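Peer 1: The task is simple: from the sequences and hints, build the whole structure.
So the protein sequences, as listed, match chains W and Z. Each step along the first sequence adds one to the number in the numbering used here, with nothing skipped, and position 9 is 9. The number in the numbering used here is simply the position in the second sequence, starting from 1, with 330 added.
Hints were generated in silico from the structure; no laboratory data involved. As the structure is a computational prediction, the values presented were derived from the model and not from experiment. Any given hint could turn out to be false.
[Claimed, not checked] Think about it this way: if two alpha-carbon atoms lie no more than 25 Å apart in a straight line, the pair counts; the simulated DSS-like pairs of lysine-lysine are:
| # | chain 1 | residue 1 | chain 2 | residue 2 |
| --- | --- | --- | --- | --- |
| 1 | W | Lys65 | Z | Lys400 |
| 2 | Z | Lys448 | W | Lys58 |
| 3 | W | Lys58 | Z | Lys447 |
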Amino acid sequence: MLRRIVNVVARDLRYAQRENILIYVIAFPLLIAVLLNLFLPSLEDMEMTFALDSTVPKGIAEEFKTYGRVEYHDGLDRLTERVLEFDDVPGIYVDEQGYHVLLEGNEASFVRELPGAILDQLLYGQELVTVKMESHGVGSSLTREFAVILTILGSMITGGLVIAFSIVEDRASRSLRALAVSPLNTLEYLLAKSALGSLVALVLSLASAFVLVGTAINYVRLTAASLSSLGITLLFGLLIGLVAHNQLTAIAATKILILPFMGVPVALIFIPQGIKSMFYPFPMYWSFESLYRVVVSTDLPIAATNVLCIGLSVALILPLIPGLRRAFRL
Amino acid sequence: MTARRGFCSLLKQDLVVAYRNGFFLVVVGLAVIFVILVRFVIPSEVKITPREYVVDLTEEQTIADLFMKKGLADILLPSEDALLSLMQEDRNTIGIVFRGSRENPTAVIHHQGHEPKKALNALSAAVSLVWNEAGALGRPSFSTPVLLRPESGKLPFNLSMIPLLIVTEVVLLGFLFVAVMVFQEKAEGSINAYRVSPRGTWTYIFSKSVTNVVLALCYGLLLFLPTIGPAPTLAAVLPLVTVASFLMTVTGLSVSVFFNSLSDFIYVALLVFVLFCLPVASYFFPAFKMPVFELIPSYPLMFGIREILFPTGKTGFYLPMLIRLAAESVVALLVAAWAVNRNLLKEAR
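Peer 2: Here is the structure:
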């Protein structure tokens, strides 16, 4: 049995190597992680932009830099043009009546009020209110952590795509017919097809986490969480493999299935704690929870969440088996 | 006449292929899912930026009164302990404790520690503003706000997702579907038959583009009509959807002809999709923009469609945006013609 599985894996590997698929599978998701790594610092240190007219005294303009990014514009027309752009950037200019904050009218309330508050603080020269800062010593925002979690879950989906397209390739090229006359059975075929995709998912999840956070997380825990999330990889890959008979239908199925598979984790970032329980039946919820405990709440155990992720994935994969048997007829 | 007949027959063939392979089903399925999400699942209020909470420990309790008057009672907490425990649970929160009295106004900003220094300085200025207003401290403002047009109301979060769903899907569908068609034609060998037919590169490109534009318009209408209704503004949105879909289709054609199969192209498509989605950060945080966003067509497109669907009074942006997209499409079309000719159809020449 093992030999037959290894043979199919070896054949897939040869094909993937010949067509350079392995390079694309590994390189492009990692390139995305590198791109995110370049983009995240700007998002983490997000600061407001103020457009200042040349009429604003130099000293005040310099002081504004301690509150955000400063852009200089010459003349009211140019300033108006800048304020009217799509982003929320207030303009500041001075005339004989004093300072003015130029606004488009659709800005968020803090964008409307902040420039005036800063001007008052700078121009009065003395604090109206004694403000004390208390830092709680949390070194990083959740932006990067959520990016890591979503990238790892994206790696799981990428592994699923490898499984799906490998099966679809066999169906479209009629390799399945050749396999039907070999001693290989459906279970062995599925295990063989799942092996490469699972390996890709695991390697990608660890590598992309390394690109984004380096050695700041416990990789033993991450490996455990990633291994338990492989059920998601299999579920995604097998579902597409079952419903798609060529690459076109595979893409169509991917477009639809990607919604719950990536939508649930994205929703978990934004929705209030109280309604998260509605996602309990989804393995993606427990995978997210495990990864959250690896990346953010590092003192919490992950065994139970890992087990729940595996259990729910298995529970969702098992009903697919009869359909897969019928579809492949091995 | 012959060229037109050739184009029409190829277009009909492409539309049938798209239909048979479930592209229309996908478009309908996606639109239905997104309509359900927008109308029934995504809440109208979602706070994405760090959540600020306020504790009023002042003698006069005027701060709490001010926030209640502004309809912000939900950010008020009863005690500093409640604030600290909330901050420990959620690293995305910041707390401000107002203390003292009108004679001696003070405040403590409890922050997590990862916030940028400049943002905290700005918050400190805002605290003074709140004290001044709530405590009637009587410090007049040095500045006057000048509005270029009347203040507009806040757009519900669920509706604000519509432009985003339009742009991201039109971008992805256009880019991906055309590639899928090319790979299928390669696999089935129908591209070999096309090579020896009199129909040339332009017919091939335009037929694929029109097929994708039809799919994009179906998707757009199916998403718009149940969410915002048959608004007259749709007439302005649909040309944008058309040009954006055309742009992404010819871009997808230019790239896909350099690949052998969908199995390797799909990872490139993912990268392109991520690139096009980067400006989404600006959409959610309008005070944030990276200069590179200006170069990505999805950036003006999502803001533009939002302005058309939910106008705030902005004018003069539509035509320049449409012209820019059209110009980008022409460039992409020329690149696609070269790429298709060289990599897909050259064997016949």
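Peer 1: Now look at each hint and say whether the structure bears it out.
Peer 2: Results of checking the hints against the structure:
1. W:Lys65 <-> Z:Lys400: This hinted pair is violated, its Cα atoms lying about 30 Å apart.
2. Z:Lys448 <-> W:Lys58: Cα-Cα ~19 Å, so holds.
3. W:Lys58 <-> Z:Lys447: With Cα atoms ~22 Å apart, Lys58 (chain W) and Lys447 (chain Z) stay inside 25 Å; holds.
Hint 1 alone, counting from the list given before, is not met by this structure.
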